[in-house]
Amino acid sequence: MSPILAISGLGKQFGGVTALAGVDLAVEEGEILGVVGPNGSGKTTLFNVVTGVHKPSGGTVLFRGRDITGLAPHAISRAGIGYTFQQAMAFAGLGVLENVQIAGEHRRAGGAANPWPTPQALLDFVGLSALGGEKAGVLPFGSLRLLGLALALATRPSLLLLDEPAAGLNDRETSALVGLVRQLPGHGITVCVIDHDMKLMQMLCRRLAVLDFGSKIADGPTEKVLADPKVLDVYLGGDL
Amino acid sequence: MKTGNALRSLLPVLVILALIAAVPLFSPSNRFLSLAISAGTNVIALYGLSVLFGQTGILSMGHAALVGVGAYAAAILARDFGVGFWTALPVAALASAVFAMIVGIPSLRVGGHHFVIMTFAFGQLLAIVLTNGGDYTGAATGLDIAGPVTLFGADMSDLTRYYLMVVAFVTAAAVASWAIIHSSYGRTLRAIRENEKLAASLGINVGRHKIGAFVVSGVFAGISGVLLAYFLGHISPSQFSSFPSIYLALMVMIGGARLIEGPLAGGILVAFLPEVLNLDPVQSRIVYGVCLIAVIMLLPDGLIGGIVRALRVAFSGKPKQEAERDAAPSEARQ
Amino acid sequence: MDIFIQQILNGLSIASVITLIAIGVTLIFGLTGIINFAHGEFLMIGGIVTWLAVSAGLGFPIAVVLAILAVGLMGYILERGLFRFTLERPTNGFIVSLGLIVVLQHVVVLFWNPNQKSIPRPLTTVWEVGGVRIASVRVMVILITIAVVALSFRMITASRYGRALRASVEDRDTAALMGIPVRRYITGVFVLGSALAGLGGALLIALFPITPFTGGTMVMKGFAVALIGGLGNIYGAVAAGLILGIVEGFSAGYGFSQWTDAYSFVLMILVLIVRPHGLFGGTSGPRMAS
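Order-wise, the sequence lines are chains A, B and C.
1 is the number of the first residue of the first sequence in our numbering; add one for each residue after it.
1001 is the number of the first residue of the second sequence in our numbering; add one for each residue after it.
2001 is the number of the first residue of the third sequence in our numbering; add one for each residue after it.
None of these hints come from the bench; they were simulated from the model.
Honestly, I wouldn't trust all of these hints.
[To be verified] Below, a sample of chain A positions facing chain B; criterion: calculated Cβ distance under 10 Å:
hint, residue
1, V17
2, G52
3, V53
4, G82
5, E98
6, H106
[To be verified] Where chain C lies over chain B, by a calculated footprint (3+ residues, C-beta under 8 Å):
hint, region
7, 1113-1122
8, 1238-1249
9, 1276-1287
10, 1290-1304
[Claimed, not checked] Chain C is nowhere near these chain B residues, computed Cβ spacing over 10 Å in every case:
hint, residue
11, R1008
12, L1017
13, L1019
14, I1020
15, S1034
16, S1038
17, T1141
18, A1146
19, S1157
20, R1161
21, Y1162
22, M1165
23, A1172
24, W1178
25, G1186
26, M1253
Model, not experiment: these values are computed from the prediction.
Virtual Cβ for every residue (Gly too), placed ideally from N, Cα, C.
Next up, chain A with everything else stripped away, as it sits in the complex (with noise of 0.2 Å):
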């Protein structure tokens, strides 16, 4: 079977500076994959431009066959692709509600059913139905995160890529969002984390790929990957 999401020779340059040299990475249907890597490794840029925020210097991005390089963020989310950023996470002046409303309004058209058929039904399964009337922007941070991800739920996304989903939560609220994260691939959703938390990431994935200097230089099952020198040697001293 094709993966769902097939990057190949991925590049990007700012300036003189190469973010991305030439990344290879297939997200296979209905797993979690985990990419790692140090700060600066290319994480966030290989975020970026698979979502569009920045245009690719080479290299394609295949979503389930179609070629979506370069498209208009809305574009992608359109195209199936959900995305959680790590700090725009709700519209803080709106409702809840509303907020999970609004980002149920722009999806394609068709699909799967829908596992979440009401903004409620969204709410519930986060666990926030309780805060449905309450501004967005009145939320504890970790209310907000769990908030955040139902909007990317909302689009109904076949694929979500989450953008250091824990950063800023405590150990309990952590766990919550892995039992949530866990269940998605049951509901038809391909998960993506992007992080550097090992701790996240081996709760979370049985796959790993590992970014170091815009290069991937280890990809496999979570265990190997984790005893491999050369990813032993990026994080010398870090977060393992």
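Got chain A; can you put chains B and C on it based on the hints?
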């Protein structure tokens, strides 16, 4: 239940407009009617501005220029093609919408802080073009527009009848603006106001919708322009340059751009304040300016938003988090 | 050819005044993100102060100094009293400046009527060089501007304060972390920008009569120049001021004077469409917390 809530938010405006429509029963002076008619034409334009600024978070300093396009379209149509009021109305609305698109596409491409300056420049440019347009635009003197306004065979040019017609148009503008606020389109615009990056990530074509909001505001402005042209009987470039645009922005912000009552309150207040306080035009302008500064510094939701909040505090004893669902006090941030 | 040189000179003298405004708006925007549209009214008030002083029998040089001091003081009061409360939301600062436009214009009208005001030319000599008539007053305006701009440049490039200022324009938060008293610099920039506008007003009324509504067009041109040069970029502002002066001079010299006011706007719109950050690159304002 939700529709019920939404309808309830329209009710106060409808009640106020019904009261305003009943004013001719008390045989008001011609001066009052004239003031009210010009306030009314402003309010129609302000409803357009509130969609743009209040909902989408885009501040335009060229709104009077869009009104001007409508007014000049009506005058030129009447002069060159013998086209009357009712035909001019949709044509002028379209002309303003197209002009808004022509201004909007490059201005919004430039984006951000520069947008407001771009709209200001386009406004000034229009005034310069109209002034240098020779006989076609009547140069600095402007154009006359004669011709009666009739409705079902009745002559509407009579002051009281024109007043009632303007009130009807204001009501239509308020209802249209209310419908936008409570539609998924309105939610889309608010999403853009709150966070463009997040909005795009949810599949919203931010650029297209921003231009769309600008075009919608142009339709309101164009209709306002036609009503203004037929009321005044004479229009000139200086009415539509950037300073009138500043006054329109001032009115909508004093009233409160995000609330359905805001444009109505702002337009009426600015028109009648000098009468009530017995100020000459110079003094009243100073008062407007001070009001605007005070409102921005002290009441971020505008006067009406401030009153609503004060009432909430008075009745419930504590300030509620949200004064009104659509009147988010937090401002669009990048 | 003679007419041509003369018109270029005329264009440059007006461009000098516009450049003085542009430096003020570009610095204030760079540091605070506030688009201060009332800056044109600052200029107008500089002109009015000059007119009052000259009418009271004071000499033009003293009147210029008074205009600089008065408008500088006004900038200080407005920054302390109003603009500093809008630093977190620059849009509000912009709206406050709209209110100020209306207030300042009409306060002047209230006390000194809306009519044109002029002063006798401080320098009346007209030189004839090879058939070209050169009004010394225009040369004076250009020379004063060059001197003041050069002085500002020196302050900004060579002194410790200047380096700290440029660092603050570049990144306000980091500068603050480095111990630069950014708030005080903001006040300083407001005062400096206002003082330059005061000088601009004094020079303007030496060239032309002014009205209480002169500020509107002038500030638009100031912003046009600032945007063409790249908002926040002082070098860019000066270069763009030169370009505009020459373009306006050309147009007046070749019989399109009724379109003079349009050039700056058309130029600005075209430049921004092609290069949204201006010809010479600018900042997009201080980064706001998201």
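Hints and how they fare:
A least Cβ separation of about 23 Å between A:V17 and chain B goes past the 10 Å threshold, and the interface hint is therefore violated. Given the 10 Å rule on beta carbons, the hint for A:G52 holds: about 8 Å separates it from the nearest Cβ of chain B. Taken as an interface hint, A:V53 checks out: its beta carbon lies about 8 Å from the nearest beta carbon of chain B, inside 10 Å. For the restraint placing A:G82 at the interface with chain B, the shortest Cβ-Cβ distance is roughly 8 Å, inside the 10 Å limit, so the hint holds.
With a cut of 10 Å, the hint placing A:E98 at the interface with chain B holds, because the nearest CB-to-CB distance is about 6 Å. For A:H106, the suggested interface contact is upheld, since its CB lies about 4 Å from the closest CB of chain B, less than 10 Å. With a cut-off of 8 Å between beta carbons, the region 1113-1122 of chain B has 8 residues touching chain C; three or more are needed, and the interface restraint holds. Residue count for the region 1238-1249 of chain B with a Cβ under 8 Å from a Cβ of chain C: 5. That meets the three needed, and the coverage hint holds.
Counting residues of the region 1276-1287 of chain B whose beta-carbon sits less than 8 Å from any beta-carbon of chain C gives 4, enough to reach three: the coverage restraint holds. Counting residues of the region 1290-1304 of chain B whose beta carbon lies closer than 8 Å to any beta carbon of chain C gives 7, which reaches the threshold of three, so the coverage claim holds. The claim that B:R1008 is not at the interface with chain C holds, since no C-beta of that chain comes within 10 Å of its own (minimum 30 Å). Non-interface call for B:L1017 relative to chain C: holds, since the shortest CB-CB distance, roughly 28 Å, exceeds 10 Å.
No beta-carbon of chain C comes within 10 Å of the beta-carbon of B:L1019; the shortest separation is about 30 Å. Every Cβ of chain C is farther than 10 Å from the Cβ of B:I1020; the closest lies at roughly 27 Å, confirming the non-interface assignment. Every C-beta of chain C lies more than 10 Å from that of B:S1034, the closest at about 23 Å, which supports listing it as non-interface. Its beta-carbon lying about 18 Å from the closest one in chain C, B:S1038 satisfies the requirement of being farther than 10 Å from that chain.
Every C-beta of chain C lies more than 10 Å from that of B:T1141, the closest at about 15 Å, which supports listing it as non-interface. For B:A1146, the requirement that its beta carbon stay farther than 10 Å from each beta carbon of chain C is met, with the minimum near 29 Å. Against the 10 Å criterion, B:S1157 stays outside the reach of chain C, whose nearest CB is about 33 Å from its own CB. With a least CB separation of 34 Å from chain C, B:R1161 remains clear of the 10 Å interface cut-off, as annotated.
Every CB of chain C is more than 10 Å from the CB of B:Y1162 (nearest about 29 Å), matching its label as outside the interface. No Cβ of chain C comes within 10 Å of the Cβ of B:M1165; the nearest lies about 31 Å off, and the non-interface call holds. For B:A1172, the shortest C-beta to C-beta distance to chain C comes to about 29 Å, beyond the 10 Å cut-off, and the non-interface label holds. Annotated as non-interface, B:W1178 keeps its C-beta farther than 10 Å from every C-beta of chain C; the closest such distance is 25 Å.
B:G1186, annotated as away from the interface, keeps every beta carbon of chain C farther than 10 Å; the closest lies near 21 Å. Annotated as non-interface, B:M1253 brings its C-beta within 10 Å of a C-beta of chain C; the closest such distance is 6 Å.
Figure legend: structure checked against the earlier numbered hints; hints not met, in rising order: 1 and 26.
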